[in-house]
Every structure is written in structure tokens, then in C-alpha cells.
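J.: Just so you know, the protein sequences line up as chains A and B, in that order. Quick note: the first sequence uses the working numbering, first residue 1, plus one each step. Quick note: the second sequence uses the working numbering, first residue 1, plus one each step.
Just so you know, these hints were derived from the structure itself, not from any lab. C-beta: ideal position from N, C-alpha, C; glycine also. Please note that the accuracy of each hint is not assured.
[As the list claims (entries may be wrong)] Chain A side only, calculated, beta carbon under 7 Å to chain B, not exhaustive:
#1 13
#2 81
#3 94
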Amino acid sequence: MPLVEPSNLELKTLRALTDFAHKRVVEIGAGDGRLTWPFVAEAARWVALDPDPCEVDEAAKALRLPPFPGALLLVGDGRSLSLPSGYFDIAFFSWSLC
Amino acid sequence: MAAAVAEAHRVLKRGGLLLDVHPTDEPTSLEIWHARYAQRTEGNFVEAAENLEAVHRVPVGYLDHDAEMLSDFTAATDALAEALEDESRFGLERSTVFDYRYFFDSLDELTDYLEENLEYAHASDALLERAVVVMRQATTTPKIVIVQRTAVTALRKIG
Numbered sequence: 001m002p003l004v005e006p007s008n009l010e011l012k013t014l015r016a017l018t019d020f021a022h023k024r025v026v027e028i029g030a031g032d033g034r035l036t037w038p039f040v041a042e043a044a045r046w047v048a049l050d051p052d053p054c055e056v057d058e059a060a061k062a063l064r065l066p067p068f069p070g071a072l073l074l075v076g077d078g079r080s081l082s083l084p085s086g087y088f089d090i091a092f093f094s095w096s097l098c
Numbered sequence: 001m002a003a004a005v006a007e008a009h010r011v012l013k014r015g016g017l018l019l020d021v022h023p024t025d026e027p028t029s030l031e032i033w034h035a036r037y038a039q040r041t042e043g044n045f046v047e048a049a050e051n052l053e054a055v056h057r058v059p060v061g062y063l064d065h066d067a068e069m070l071s072d073f074t075a076a077t078d079a080l081a082e083a084l085e086d087e088s089r090f091g092l093e094r095s096t097v098f099d100y101r102y103f104f105d106s107l108d109e110l111t112d113y114l115e116e117n118l119e120y121a122h123a124s125d126a127l128l129e130r131a132v133v134v135m136r137q138a139t140t141t142p143k144i145v146i147v148q149r150t151a152v153t154a155l156r157k158i159g
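Just chain A, with the same shape it has in the complex (with noise of 0.2 Å):
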């Protein structure tokens, strides 16, 4: 099979520009949730869009065991965000800024 999990060296790079401990974090772009769940239980509060609900289903079903309390996954576009201002720490675009 495909290595379809993020690799370490793409962890590791992402770890080392940036702190999501503690950190309200609204990802954009989170498809299948595949950068959404090694950073979850970290933050402080995730918001995971992506305009495909069949990605948001996958992502779901992934954030399931264990659940996230902190987690919030939602079918949206990233250039018309219903979110309130001023409100994020990060905005993660997850190779989705195109």
C-alpha cells in the first residue's frame, strides 16, 4: 500500500516552523483529515474545513477514535470563511492554496 499518512520529514518541518500546543487552529483545505490528526489533541480548539462533504465524512470517521473535543469539522470554502474575526492563532491551508 501507498504511504498515505503524512511523513515524519513533513511532521517534523511542519513542527519546526510553528507550535499548535494550546493554539486555536482553523485548517483550510483538510481533506481526509490527513494533517488534521497528528495536530488535533494538541490544540486548543481545531476547525477543519473543506468544501468536498465526502472528505469531511473521512475526516470524521478518522477524528472518531479518539474522539477531539476541541475539534470542529465543517464543509467550506476557504474564501468566504463563516468564522469570526480576529479569532485564530494559525490558519493552516493544507496544500489547498490555489
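Given chain A, work out where chain B should sit, using these hints.
T.: This is chain B only, laid out in the frame that chain A set:
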């Protein structure tokens, strides 16, 4: 400013971080890895130093790319550059690159994955034939590896 970047700016608090990860428009290469496994984990091969005694990487060539699709990746870079033009909104915190690696056990697995997921690239017959030759020369179980250069950028919201 691109609409998505402008929205990210709006929802971020002052001093917040815009973090972006996306592939660059550099060609995606194909390699064959021959590894000695110091430790096998349950299930998939895991790309971790403690899991390998040695890795021999053999470059095979580059995937063929759809130039139009690749332009999406340059658009992401352009959007970040544009965001930095207004120095009162974002400042560059840090930028770096790494190689994203996809591992496959067989050519069928590779081509299936490319058809389903990597719509901007495909492997030519000549490239696959070269991969077969290299795999036959492997002294341990070979892995087929796609290597995709990926950029990570962090911008700090200033105001």
C-alpha cells in the same frame, strides 16, 4: 490579495500565523529504494530512520506533468508573495522546502495511485520500464518512491 489569503487574514488575531504547505512546480521524480529493514512495524513500510539500516536510492527519472495543473502550485506561491507586498498586513516568518515521498510496493500500485490522486502527473511507459530494470537489480525488497518537492511558508499577521 487572493480571496483565501484575505479571509485567513480576517480570522487571524494580530500576531497570528498563516501557515501554508503546497507542492512546488519542480518536476516530480521517481526513485527505487532498496532498504534493509532493522525493524518491521505492523502493516506498512514506515519512513523512519529507526526502521532502516541503510537505504540505496536509485533515480529513475521524472514523471510527465500537465503544465496547466502545475500552474495551480505557482498560483499558491504567487498568492503568498502578493500577501507580502502589503507590509502592513503580513510579514514573512519563515519558509523552507522538504521532499514529500510516496511509497509503493508495485508498479500497478503506483499507476493506480497516479490515476486516482496525482491528476497532474503520469508515468510514461519508458519510465516504468526503467523502474522495472532497477527493481530487478535490487538486493532487498525494493520500494518505488515518488519524490515531490514541497514548500512550507509561515506568514505573521502584522495588522
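J.: Next step is simple, just say for each hint if it's right about the structure.
T.: A quick look at each hint next to the structure:
1. Satisfaction of the interface hint for residue 13 of chain A is found here, the shortest Cβ-Cβ separation to chain B being roughly 5 Å, below the 7 Å cut-off.
2. The interface hint given for residue 81 of chain A is met, as the beta carbon of that residue sits about 5 Å from the closest beta carbon of chain B, less than 7 Å.
3. Among the interface hints, the one on residue 94 of chain A holds; its C-beta lies about 6 Å from the nearest C-beta in chain B, closer than the 7 Å criterion.
Hint compliance for this structure: no hint is broken.
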